[in-house]
Each structure stands twice: as C-alpha cells, then as structure tokens.
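Use these hints to put chain D with the ligand onto chain Z, whose structure you have.
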Amino acid sequence: MFLINCPYCGERDQSEFVSGGEAHIVRPKQPTELNDDQWAEYLFMRKNIKGIQFERWNHAHGCRKWFNVARDTSNDKIEKIYKIGEQPPKL
Amino acid sequence: MSKNLRINNKQFVDETRKLSFVFNGKKLYGYKGDTLASALLSNDIHLVGRSFKYHRPRGIMTSGSEEPNAILQIGNDDALTEPNARATEIELYDGLICNSQNCWPSVKFDIGGINNFLSPLLPAGFYYKTFMWPASFWEKYEYFIRKSAGLGKSPTKQDPDMYDHRYMHCDILIVGGGVSGLIAAKIASDDNKKVLLLEDKELLGGSLIYDDNDISKIDNQKSSEWLKKLIDNIKNDKNIIIKTRTSLAAYHNYNFLLARQNLTDHLSVNVRNNKIRQRLYKIRAKKVIISTGAIERPQVFHNNDRPGIMLASAVKKYIDYFGVRCGLENVIFTNNDSAYETALSLHKSGTKLNAIIDIRDNSSSEIVNKVKSLGIQIYWNHTIVNTKGYKRINKVSVMKLNDKGNDVIGKKIELNCDCLAISGGWTPMVHLFTQSGGKLKFDNKDNIFVPDKTNLNQLSIGSAKGDFELDDVLKNSIKDTKKFLQIENSNFDKIDVKCSKEKEKKNIWLLPSDKPLSKTKPFLDYQNDSTAKDIKLALREGFKSIEHVKRYTTTGMGTDQGKLANMHALGIVADTTNTNMGDLGTTTFRPPYTPLTFGTIVGRNVGQFFDIFRKTPMHDWHVNNNAKFENVGQWKRAWYYPKDDETMHDAVQRESKAARESSGILDASTLGKIDIQGTDANEFLNRVYTNAWSKLQIGKCRYGLMLNEDGMVYDDGVTTKLGENHYLMTTTTGGAANVMSKLEDYLQTEWPELDVFLTSVTDHYSTASVCGPNAKKIITKIFKDLDLSDESFPHMSFKEVKLGEINCRVMRISFTGELSYEINVEASYGKYIWEKCIEAGKEFDITPYGTETMHLLRAEKGFIIVGQDTDGTMTPVDLQMDWIISKKKYDFIGKRSLYRSDTIREDRKQLVGLLTDDPNEILEEGAQIVKDENKKPMDMLGHVTSSYFSPTLKKSIALAVLKEGKQLKGQKLLVPMIDKTIKVTVSDTVFLDKENERING
Ligand SMILES: [Zn+2]
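Heads up: the sequence lines are chains Z and D, in that order.
Per the numbering used here, the first sequence starts with residue 6, numbered consecutively.
Per the numbering used here, the second sequence starts with residue 16, numbered consecutively.
Okay, chain Z solo, but in the shape it has when bound:
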C-alpha cells in the first residue's frame, strides 16, 4: 500500500487512487492519417520495465484529478510526482 502525494490534496493512501498505465502517450491528433501499424503502436504498445516508469494516476476517491508519477517498479518507490502537461523529470 503506497502513500501517494496528490499534487492537489497531499499525501493519501493508495486505495484512494487508480493507476492509468504508462504516461506521455499522446492521442494522435489525426488518427485517420495513421496506418494500422502506427495506430496499433498508440493503441496497444506499452512499456513494462524494471526501474523507473512514468505513469498516470488518478485521485479517484478524492479530487478526481489526473497527474503523473515516476515510480521505480522494482521497489515501488515514487521518485517524483508532477502534473499533467509537464515534461517527465530526468532521473
């Protein structure tokens, strides 16, 4: 059970949050211009790395805001929390 420091509410128990998978995957602005492979890349392909992973989290049972989390998947340590629209930190 992590503690997650919501950038809008502060530190809360993990049970208040849901994970939204990998961050920084931007929905293509012109999907119709993409061939099947390019669309599949956006739609299906996600990283699953051991180490620091950038993820989206939502404070579902709180302020309902989405934000980004840099989490080390090997020990669940949260290295950095930053807002949607901000660039991933260099870690």
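A couple of the hints might just be wrong.
Computed list of chain D residues with no C-beta within reach of chain Z, every gap over 10 Å [to be verified]:
1) N39
2) G110
3) D176
4) I246
5) N248
6) N506
7) F558
8) I627
9) T764
10) L801
11) S901
12) Y905
13) S912
14) D922
15) L1007
Okay, derived cross-link-like pairs now, BS3-like style, lysine-lysine, Cα gap no bigger than 27 Å in a straight line [claimed, not checked]:
16) K55/Z to K910/D
17) K297/D to K85/Z
18) K301/D to K88/Z
19) K757/D to K70/Z
20) K910/D to K52/Z
21) K302/D to K82/Z
22) K970/D to K82/Z
23) K403/D to K385/D
24) K82/Z to K456/D
25) K95/Z to K658/D
26) K258/D to K85/Z
27) K658/D to K253/D
28) K82/Z to K468/D
To be clear, the hints were calculated from the coordinates, so they are not data collected in a lab.
Positions of the beta carbon are idealized from the N, C-alpha and C atoms, including for glycine.
For chain D with the ligand alone, kept in the frame of chain Z given last:
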C-alpha cells in the same frame, strides 16, 4: 499428578488461581499465567499429536510461534471451534477444551502410524508421483489421505464473534517488546517521538525477563531486575502506546503494517460475550524498528522427533518462567554456549541433568566453566546417533565424531533421559524484514542470514539483526537506534553490561549416525514430516533451486512456514551441492507471519455490511409491493413484482403484457446521469459519441453510442440538450462510474483546451418511466397544463414543468418501443412522483414492472443492453448499428479502430435474432450455437446473449452473437444442450413493431 513437575516459582504464574481444562477428554489443571503447553507439560503430557505423513508420535517442542507439533483443535462448539492452534501460544483459561487433531482414531493408537513402518515407500514427492495416476483414482486416494492426514476441523456454523479494525499512526513503530525493543522505545520517547510498541505475548520483556543466571549483569544488577525497572518506566511513559497480545501479521511497502490483537482468547468462554474478540490494526509508521528476536534451531540427527525432545531454550523457559520441569532426567545436546544457560536453570531448580553432549571440541567461556565446575558430565566432540522411546524419549545413544565431523567413531554410550534439550544455534527472525522487501546477507561466522539492504525507513536491532550476546544486543541496539533517529545522546550511553562470551563455534547441518543415512530419520520439518533424506533425494532427482526443493519435499510449507526447518534445509543443500549458503538465497517468507482468522481480516464487514448497496428513493415502495430485487452494480433494482404465488415467469409475462396493452411503470433512477456544461460541451459530445451532435436543438434528446479507443462498444444512453451549453447524459446503470472516469480522463489529459465541466448527478435525480398506450392519459392527469401533442412534445424531446414547487424534467424517450415518458425530479421527491403516477394510473391498471420485464420488452424491439449483448469485443458494425456511426465527423473515440484489419473482418461475430422451431422452447442465455453436431469437437459459431418468451408475440425470441451472422439470416442452426438439441433459425434482431408505430401510442 504423580510426578512433581511444578517447582516453586510464583513470579509469572499465579498458583492461587487454579484453572481446569480438558485435553482429549481428560480433565486436567493448570494455573493462571500458564500457556496450554506449560499446563500440559506440568501434567507430564508431551505426546500431543501425530505427524502429518508418517503419523509418528510428536510432543511439545518449543515455547512459541515456531511450534511445529503441538497443534490442537480448540473448543468443541460447531461455531467457535478453532483448528491449528499452537498450544505454546494459547493462554490457559478456565474450561478450555482441546483435542489432538492429527490422529485417528486416537493420539495413543493411531491407524496412520503404520505409515511409519511403510516409510521407505513414502519418500519426497511420493504424493506427486503416486496419486497423480490414473487421474480417475484421485477421488479414492483423496478420501484416505484426507481422513488420515487431517489438519483439524473448520467450524461449520457462522462465527458469532465480533472483530474490529482500527487505523493507527505513529512516529516509531517497535515490533517486539524484548530488551532491545524496550530500549529503543525509551530512546525514541526521550526524543519526544510518538511510539507504538507491539508485543505478541501477554507481558513485556522477552527472554531476559526470566533470565536468572548470575553471570549476566546490567549496571551491576541482575539483568532481569534491571529490565523490570525499565518496563515500569515505559509503562508510565505518555509517549509510548503499548499493545500486548498483539502480533504483527504483515509488513507491506511504505511502512504499512497489519497487526492482530487478541482481546478475549485468554478469557473463559462464559465472560467473552459481547466483547470484541480480535482487533486488526492498520498501521502507518514513519519509522519501523524490528526487534523480533531470534528462534533457536534444533539439531538434525537420527530420530530427533520423539516426544520429550525439545529446544533447550524452551526447557529453560518452562522452568524459569512457568515453573514447570519438562522431565526428571534431562540430557542436553548442543553445538553452542546458550544451552549451558539451560543447564544452569536445571541445576538451580534441582532438576537432574544426566549429561551434556556438545559437538564442539571444547568451550572455555565463563558460563561453560561454571557448568564444568558443577561437576556435570560433558561429552565433547560427541553426537547423538539415535534415540529410543516410542511415545516418550527414554534413551539416547552417543558416539564420538571423527575429525571431519561426517562420521562417528568409538563405542556407543547409552544415556537415560525423559527430556532431551537440543540447541543448534540461533536464527534471527528476519521474516518481517524480508516481507517488507528487505534483502538478506549471509553471515558465515554464525551461519545465519541477517538483514542487509532495505528501501524503507526501517531498522532491525537485537537478535533479529544477529546479535545474540547481551552486551552486543544492548550496546548495538542503543548505538543503532540513536543513529536511526539521529540522536546524539541517550540515557543509556553509560550502560555497563557483563556477560559470558562464546569463543568456540561449530556447526554440522546433518549429524552423522552409525547407521547409513538411508536407514535413519533425521527430521527437518516436523510439521510436514520431511527429512534430510528427502532433501538429498530431491537434489538427486535434479531439483536445484531452493524454491523447488522446498515445494517438492514440502519442507517449510506448514503453518509455521518452516521457522525451524529452513536453515537446515538450506545448509544440507549447500553441503550436498558444494555451494556457499549465501549464494543459495532463502525461500520467500510471506504474510501472515502467524495465521490469521478470516474474522479478523473481514472485521465488521460481514452480513449486510459486507458490501454497501444503493437504494433508489422508491425502494421502500418496491419492498411494500412485494418486489424481488436483483443486484446491478451496487444498486438493488426491482426485478419483478410477483402477485400471490406467481413464479418469476408468470409475473414477467403479466407485467410485459400490461406495458404493451395499457401501461407500465419502471423505476429508472439507477441509470447513470452526468451533467455536462461549458461552451465546448457540444464539441465534447461529438468527440465521445459515434454519432453527430452539432445539430441537436435545445429541448431535444438523442441516443448515443460510446466506444473505447479500440472500437468496441463501451456504453450507451440518451443525452438531452437542456440549454445552449448544458446537457444531461445518461449512462447504463453499471457503467456510470466508469464512463464518468473515462470522460474526465479525456478532458484532463487529452483535451484540456475544452471548456467542459462534468458533474455526476446520478444520486441527485430519480426517474419514473411510464409507458404503454395509456401513458399519455396518465401523464395528462398529473401535468394538467402540459401540452402532450405530438407536435408540441414529439418523441425524443424534453419539457421542464412544475408540479407545485417541484421542478420536473419530463423526457419522451422509449426503451420499450411503447409511447413513454420519463419524469426526473430531485431525488427527495422521487417517491412522491412515483406514487402520483401510480395514483393517476389506477384507472388504467398501471402495472409496476422490474428489470426482467424491461429486458424482455427491449429484446422484442432488438435494443441491445451493453454488457449483456456485448462483451467488449463487439463493434457497432458487429451489432448491425452502422447507422449510428457518423460518416462526416473527422474523429471520435474509437473511430480509427473501426477499420483496423481485425475489425473489418467479414467473419466476426455479429448480433442476430434467433427463433426456435418450437415456439415454446426458450433458449438458455449463454448456450452455444453450432452448425454441425456430428463433427467432434463441434465448431462453436456463437452464443445466445438474451432470451425470453414474448407474451405479445406468443413465441420464444432470442438475441445471439454469431460468426458471419449477417450472412446467415434464414439459416437453420443447432443449439446443443445437455439432454437435447434445439433447432433454431437465424432472424432479424427486431421482432416486434418493425415500423416503430407504437412509440406514438
Ligand atoms: Zn487529490
């Protein structure tokens, strides 16, 4: 009591309070302060159970949670009986009833004991190898295995006890109230930290509290006296919360821990009423200090499992703490100095100690010299090669070790004993440390794994960290705690500790016997009956990883999680394979550290509190009108309203006939409702629905279909334009929360430029839906000034109207195909409006109908239910709903996926109608559809998704998904059932009123 086993010791056991208890039907006595184990031992009872596989007699071996043998069934009540209780952890109470559980028919005569003589036939993996084949015999094997194995009986009635959960927060959590934990608590408290101290026993102090030798001294006082003063001090410390009888169950990441407190298990059954039995603490600690101590290991030698063979530290505790002698003729067998403390305790209590056998060449420490000076016979460099005595040990055979320690030499010496105290060194309790993700390192000097790296704000101290001698324990605990808490000075800095120091060490994981290994039984895991031979066999058969060896031999897989066995198993693997133990790694310790009851885990969330449920404002009306309910998400929805002795089928037929012929009323309050506002609301709807929304006028409603980005149908519902930048979206009942989340996700992360605000208003409004040919007449009676003409109020439109002070939103929309009106009001008026409708509809015999009838009515019209006719693999094209996909819109969620190579396949499963050849035959939902029944295995073409008997059409109708279904209209297919095959014909999905005439009444 024929033997005098109680000695004069009134410190921890209250001899003025005699308690009676029953063991295997026999009434016995003990005292307040006893554990069940100490009480049994004081009655000279060692034999308490039979081993799991060989059914060998087994006795109490330890004094704590590592106990592998003394596992009893407590209580004989069908609701309260508890299996697998360790006698060493049960505090004795008056009237306690317990039974041996691993024996049949009785502990003294056990039919499974024959396995002991058959044991050459029962090697490791025997169950895997034998009972796997032939598979059809398994049921026969299982009967005998279960009957003779038996790990206790579960209660058969509901647990009447109350359990509780509580959250706790602290600066410093200290797990373990022994001397190191107490010192850490005091240092932290002196630094003004909020401390939570957990101790699983009744009293604080650990093993030092009953330490009574004259060698250990702290600040020139007897160590136990010094400790008692510290405990008094801590008990009066306002910064320290102490929870005793509280054991840590699990240590999770981020210093989140679960601990279980026993509140009534030590009380007589008749005073437990209305008290909470156990409490589960959910603890968030800023820092955690683990001071859980160490457990003694046994030694592994031939026949090391007889009743009367016990850990040396347990023998000492039973004398010094409980005042109970475990035997009158004792022998000690050790490889280290700590067992000499037991020798001193035996001597001091006047208990006969026949000899000490030590595998070391010598030891010259202060404590050993003291034992030597008492004239006790010590056999140096000797080992035990065998023991005798079936139900109680009576003899040990001793021989000299050779130089390498791998064989025995010389002549055999026989010694009498009724208790053998064994010690193979100490193992730090690192379970919690590893549970929390910590990595261990191997210490070659003491042959132990000790805590190494952790990512958490955490510290291990005392024996849990690998310090075993008093001065190390104290001084390192003080030093490490100060560093951990960043404290310069403490009140313990000048502490003066005196103790005996061990100089000679020797360890042999598997001791030799004069017999070949194949003829011996050196047990490792007493609970699972695995021996050193089994480990060697597993290695010979090619198992290399310690995790595989563990599973194959079942070593360490009992309820004690191998607390005693693991180190020897590793040691023997390392020796046999010539590997360094540190390179083998340890097996994983998983929570809970000690078993938890289900009651503790669920706490108060039982019965009606197991899951919350949501009720509509009209719920009471439904209850009063005999509704049966179904669960939809967390909602309780009226399912059908049986009259008299109607079956569900009868009721649904009556309700749906009424809705089609006169009028029906449905509680639709559970539908998800999202209020959408903002200047970009219309653009937002265009992006989330497949169809076009630009031209929708104020006061109009439109049906929308929502896809996932993969093109699959996600949700559907009607959205109404309330104002220029204001919409009310409805979703399916079950999908409401997910749709809301999904829309928020897109708004916040993909389209933050849109000016749109979403508010869930599902609970704020209630909905009564009145339908049928007489619906208009009923609504007219309620809203007298409302113009209901088709010109003023056509299908798919909306009016806002007042009924007195109540604002009503009336929508003319239909899910049944009938003319129908949905009246939305603020939830608090929901029941009032509902009753108004019933009242107004009386003359038309308005009939309340439930979800089942609603499903039937919409199926007649071929309307889908997302989640019933779809399963996340259906596109709108698969559903034959091509009409709802806008060709003009450049983009919407899921659009690009509608022409992926997979979604444009012609042979996808598609939604069709099915008619049975026999109109009275109702298909089963989920039934498979095939073409050729004779081909085995049959090719399954699809399955039935919805099926009903239509009273209006007087025939059975069904919806189904079918491979290439669109091409198969008119085709005859088969639905094979267990007892018959049903013939069906593929049809259109719309069964009734294809021209949509009924929505105009
Ligand atoms: Zn928040």
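Hint by hint, here is what the structure shows:
no., hint, verdict
1, N39, "holds (43 Å)"
2, G110, "holds (40 Å)"
3, D176, "holds (26 Å)"
4, I246, "holds (33 Å)"
5, N248, "holds (33 Å)"
6, N506, "holds (33 Å)"
7, F558, "holds (27 Å)"
8, I627, "holds (13 Å)"
9, T764, "violated (5 Å)"
10, L801, "holds (37 Å)"
11, S901, "holds (13 Å)"
12, Y905, "violated (7 Å)"
13, S912, "violated (7 Å)"
14, D922, "holds (18 Å)"
15, L1007, "holds (39 Å)"
16, K55/Z to K910/D, "violated (34 Å)"
17, K297/D to K85/Z, "holds (26 Å)"
18, K301/D to K88/Z, "holds (26 Å)"
19, K757/D to K70/Z, "holds (12 Å)"
20, K910/D to K52/Z, "holds (24 Å)"
21, K302/D to K82/Z, "holds (16 Å)"
22, K970/D to K82/Z, "violated (62 Å)"
23, K403/D to K385/D, "violated (30 Å)"
24, K82/Z to K456/D, "holds (22 Å)"
25, K95/Z to K658/D, "violated (69 Å)"
26, K258/D to K85/Z, "violated (36 Å)"
27, K658/D to K253/D, "violated (66 Å)"
28, K82/Z to K468/D, "holds (14 Å)"
The structure shown violates the earlier hints numbered 9, 12, 13, 16, 22, 23, 25, 26 and 27.
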